[in-house]
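Visitor: Sequence:
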Amino acid sequence: MPDESAVRFAVLGPVRVWRGERELELGGPQEQALLAFLLLRAGRPVPVAEIVDALWGPHPPRTAVNVVRRHVGSLRRLLEPGLPARASGRRVVRGAGGYRLVTDGDALDLVRFRELRDEARRAAAEGSPLRAVEVLAEALSLWNGPVAAGISPDVRERIAVGGPERERLAAVREAADAALRAGVPERVLPELRQAAAAHPLDEPLLARLVLALAATGRRAEALDTHRTACCRLADELGIDPGPELREALHEATGQGADTPPRESPGPHPAVPAQLPHDLPTFTGRHTELAEVLGSLAGDAEHAETVLISALGGMAGVGKTTLAVHWAHRVADRYPDGQLYIDLRGFAPAGAITDPGEALRGFLDALGVPPERIPQGLDAQAALYRSVLSGRRVLVLLDNARDAEQVRPLLPGAPGCLTIVTSRDELTGLVAVHGARSLTLRPFDTGQARAFLTGRLGAERIAAEPAAVDAIITRCAGLPLALACVAARAALRPHFPLAAVAAELREAHGSLDAFTRPDTSADVATVFSWSVGAVSAEAARLFRLLALHPGPDVSPAAAAALAGLPLRQVRPLLAELSGVHLVNEPAPGRYAFHDLLRAHAAELLQAHHGEAERQEATDRLFAHYLYSAHAAGVLLDPSGDLPPLPQHTHADPFADDSQALAWLGAEYGALPAVIQAAASGRDRLACLLTWSLEPYFERRGHWHDGLAAQRTALDAALRLAEAALEARALRGLGRAAGRLGLYEEARAHLDRALELFTGLGDRVGRAGTHRSLGWMSEQQGDLAGALRHNRLALDLFRTAGHRPAQASVLNSVGWYHVLLGEHRQALAHCFEALTLLQDLGDRYGQAATWDSIAYAYHHLGRHPHALLGYRNALTLYRALGVPYPEADTLTRIGETHLATGDRDSARAAWEEALTLLTALGHPDADRVRARLDGRDEWLGAV
63 MPDESAVRFA VLGPVRVWRG ERELELGGPQ EQALLAFLLL RAGRPVPVAE
113 IVDALWGPHP PRTAVNVVRR HVGSLRRLLE PGLPARASGR RVVRGAGGYR
163 LVTDGDALDL VRFRELRDEA RRAAAEGSPL RAVEVLAEAL SLWNGPVAAG
213 ISPDVRERIA VGGPERERLA AVREAADAAL RAGVPERVLP ELRQAAAAHP
263 LDEPLLARLV LALAATGRRA EALDTHRTAC CRLADELGID PGPELREALH
313 EATGQGADTP PRESPGPHPA VPAQLPHDLP TFTGRHTELA EVLGSLAGDA
363 EHAETVLISA LGGMAGVGKT TLAVHWAHRV ADRYPDGQLY IDLRGFAPAG
413 AITDPGEALR GFLDALGVPP ERIPQGLDAQ AALYRSVLSG RRVLVLLDNA
463 RDAEQVRPLL PGAPGCLTIV TSRDELTGLV AVHGARSLTL RPFDTGQARA
513 FLTGRLGAER IAAEPAAVDA IITRCAGLPL ALACVAARAA LRPHFPLAAV
563 AAELREAHGS LDAFTRPDTS ADVATVFSWS VGAVSAEAAR LFRLLALHPG
613 PDVSPAAAAA LAGLPLRQVR PLLAELSGVH LVNEPAPGRY AFHDLLRAHA
663 AELLQAHHGE AERQEATDRL FAHYLYSAHA AGVLLDPSGD LPPLPQHTHA
713 DPFADDSQAL AWLGAEYGAL PAVIQAAASG RDRLACLLTW SLEPYFERRG
763 HWHDGLAAQR TALDAALRLA EAALEARALR GLGRAAGRLG LYEEARAHLD
813 RALELFTGLG DRVGRAGTHR SLGWMSEQQG DLAGALRHNR LALDLFRTAG
863 HRPAQASVLN SVGWYHVLLG EHRQALAHCF EALTLLQDLG DRYGQAATWD
913 SIAYAYHHLG RHPHALLGYR NALTLYRALG VPYPEADTLT RIGETHLATG
963 DRDSARAAWE EALTLLTALG HPDADRVRAR LDGRDEWLGA V
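When we follow this note's numbering, the leftmost residue of the sequence shown carries the number 63, and every step to the right adds one.
A portion of the hints provided could be inaccurate.
Claimed, not checked - The following label-pair restraints were derived from C-beta to C-beta distances:
id, residue 1, residue 2, range
1, Gly650, Pro705, 25 to 31 Å
2, Pro705, Arg447, 43 to 49 Å
3, Gln336, Arg124, 53 to 59 Å
4, Arg434, Phe892, 32 to 38 Å
5, Glu177, Pro925, 41 to 47 Å
6, Phe892, Pro633, 50 to 56 Å
7, Gln899, Leu553, 55 to 61 Å
8, Pro91, Gly842, 27 to 33 Å
9, Ser499, Gln336, 23 to 29 Å
10, Arg124, Leu192, 54 to 60 Å
11, His387, Gly995, 46 to 52 Å
12, Pro91, Leu439, 52 to 58 Å
13, Ala673, His387, 42 to 48 Å
14, Ala335, Ser499, 24 to 30 Å
Please keep in mind that the hints were generated in silico from the structure rather than gathered at the bench. Predicted, not measured: the structure shown is a model, and the values here were computed from it. Don't be surprised by glycine CBs; every beta carbon is placed ideally from N, CA and C.
Please build the complete structure, drawing on both the sequences and the hints.
Guide: Laid out in structure tokens, this is it:
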């Protein structure tokens, strides 16, 4: 006897509900649509904002959320009569920012259909095609019309009824395949005919109908079906039949095909060369250099242990100079590359380098693509050690704070040399990791004299021995102080050294934190004397540079700090560099030694009040914000960056190539600026983070993006503005999704959508739907991806946002391609291409040409596909983006193979493999498998 309390649901046809044997009377159209939406999610929560978008589209009323709540209340009372007012019950449950409909087992026909389809697949895999046919016939019998029949077409499209409809077509195709294998093709002919009539351009379906007709002796009807299909494809799409339909005709007439052999080119791993320039005037340290070079003598060929050397010593004693010189001397012994990073362990200003940040930089240099870098320091360190295993790489870790900062960066296998410099003795490395410790002392008198001779010449040094002794005494043998004095004296070759010594005696300074009991050096005396030797404008710039939070500074950023035109600042930087107050580690990048930065900071406090310091910082941060904003707009014209007020330095880039170059040069400083801005300039921290989103995405810096987005969300919450919070949540959701943190990402995106909906922000809602669409694709829900992108398209059209509309048109087209709906795909993609060409968006054009070509390939229109792919390839190469280039080359190979041109296919795949191997991308294995002939797909093109 049936259970009268059991509730059953149907959505494969009209939406219906039964309690026991009695069918329940549903509410109005919107309540039925809500029920259908919840049923289609099959037990997964649906955010309120998505329900609003599904029921009303881009123009919901202000009361939409309240209306949804009323509909939910009515639905609860329908399913659970007698439920007290405001009680949630057990059927429609609140959670994850939305509602979830709970069904019992297979009480929903869609769930039962999927269970039966899975059972049929298992039967087919176990060699029981007849059983598979029987089970699929039961599954298909559950259908009583289109999904959610009776609901208005626009709402049906927004709740993604197309997904189950495609599942039904796939089940028909699977039933046909099983029936042909079982020798009972007549069992599926009615379903095949019905499906083919409803989808007359579905070539895989038509191919199976041709095969089934031929197998049942209806050869004439099979040929007629094939001819009709070919005529319809030519008339409606202007194309020839694709490979599946052609192959069906060949099988029906007894023809076949073969597959080619494959070989694979060898890999070409990335070889980093990151060492700073060696000092051409390197002098002294002969004993120390002989010691470290001698320690490698027995390891030159076999290197059976990991060798670590910690160069300890006080600031300014020359640790980095010796380490870099040593590294260059032995670099040829490490042919797999040289890695370098300044860990900024004792930086007076700015953040100490996080080990995770250093690891991600090393992994990137070693060719590991961002998507392969895991979350968490331990996992990243393990991957780093794995990448270095079996390779001979030199790693120079400069200016380490302590052993804990260094440990994750140590290789784990023999063959590598790690050089560590630090002011700390790093006893933990010596005790635990067997490091060979070397402590540098200041130069003795002879070494200091040789140092000055190398810079000023033997004749000048010999002419004034007393003055030289006085200079050496004042500098106490510190190479940094000696270098500053030598630079000043070298600029004035006719200036007596006795006068230099006299000026040093008269100069004064502080830097008490850097004095050591074992030396009489007053480093600040030398620095103050050097600062006094430059112009007043250069001295002011020197002081203001202490405000910069990053590791180095560009002339443009220095000009912003000083509030001066760029043309006036370049000579000032050259003046400071000439006396070694700053150095130029790379063309156009200027950096401090830690001691000099500390001295500049002391002078800044003494000479500039709080208001002046804040004004300089504001100018610097504005420079970075406006430049990054202009770059972000160029990199992602379809984005929705908040506009900024007019600024004298707005739009400084001619095109996206210049924007990328600037972002790459400034990338070391920009995260530090975000962190610094978050202490009192929250709005700027948010805006700068969002301006960098396109760069994070384009270059794959997703870990850095995640950290920046979390900083932005904290800042937005402090500002307590819903619009900023929504934007920050969306940014954080995108970044988390890129790293595979899907649960966290969806929670952020759902909350962002809810906030944007409450704010009436259509563009914000649309951008969030795009992100939810990408998330759906990653989790295998192509129908959901298409639904979210359609909603985004409607919203962008309503808002009049043409760049975003163009981009999302291509996304909609792409998801149609993936779902096998090539006619719809081409219509959307060509519309997108026209808009993108008008807007000058080259990256968007390249992606769209790739989508168009992919659709043409699957329609069998191979010459058109190759033309589209070549257009995409030309644009990607001009933009300098190797991964999309490799992706397109891979598909070009597929199209060549489909035409029988195996040599061209091989050439394209070899090009793709070279790019992917250089990137260290996992797709390289897939391309290598195709070249080796190990990919089963090769025989099915």
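Visitor: Against this structure, judge whether each hint is valid.
Guide: A quick look at each hint next to the structure:
{"no.": "1", "hint": "Gly650 to Pro705: 25 to 31 Å", "result": "30 Å, holds"}
{"no.": "2", "hint": "Pro705 to Arg447: 43 to 49 Å", "result": "47 Å, holds"}
{"no.": "3", "hint": "Gln336 to Arg124: 53 to 59 Å", "result": "57 Å, holds"}
{"no.": "4", "hint": "Arg434 to Phe892: 32 to 38 Å", "result": "35 Å, holds"}
{"no.": "5", "hint": "Glu177 to Pro925: 41 to 47 Å", "result": "44 Å, holds"}
{"no.": "6", "hint": "Phe892 to Pro633: 50 to 56 Å", "result": "55 Å, holds"}
{"no.": "7", "hint": "Gln899 to Leu553: 55 to 61 Å", "result": "56 Å, holds"}
{"no.": "8", "hint": "Pro91 to Gly842: 27 to 33 Å", "result": "31 Å, holds"}
{"no.": "9", "hint": "Ser499 to Gln336: 23 to 29 Å", "result": "24 Å, holds"}
{"no.": "10", "hint": "Arg124 to Leu192: 54 to 60 Å", "result": "59 Å, holds"}
{"no.": "11", "hint": "His387 to Gly995: 46 to 52 Å", "result": "51 Å, holds"}
{"no.": "12", "hint": "Pro91 to Leu439: 52 to 58 Å", "result": "54 Å, holds"}
{"no.": "13", "hint": "Ala673 to His387: 42 to 48 Å", "result": "45 Å, holds"}
{"no.": "14", "hint": "Ala335 to Ser499: 24 to 30 Å", "result": "28 Å, holds"}
Of the numbered hints stated above, none is contradicted by the structure.
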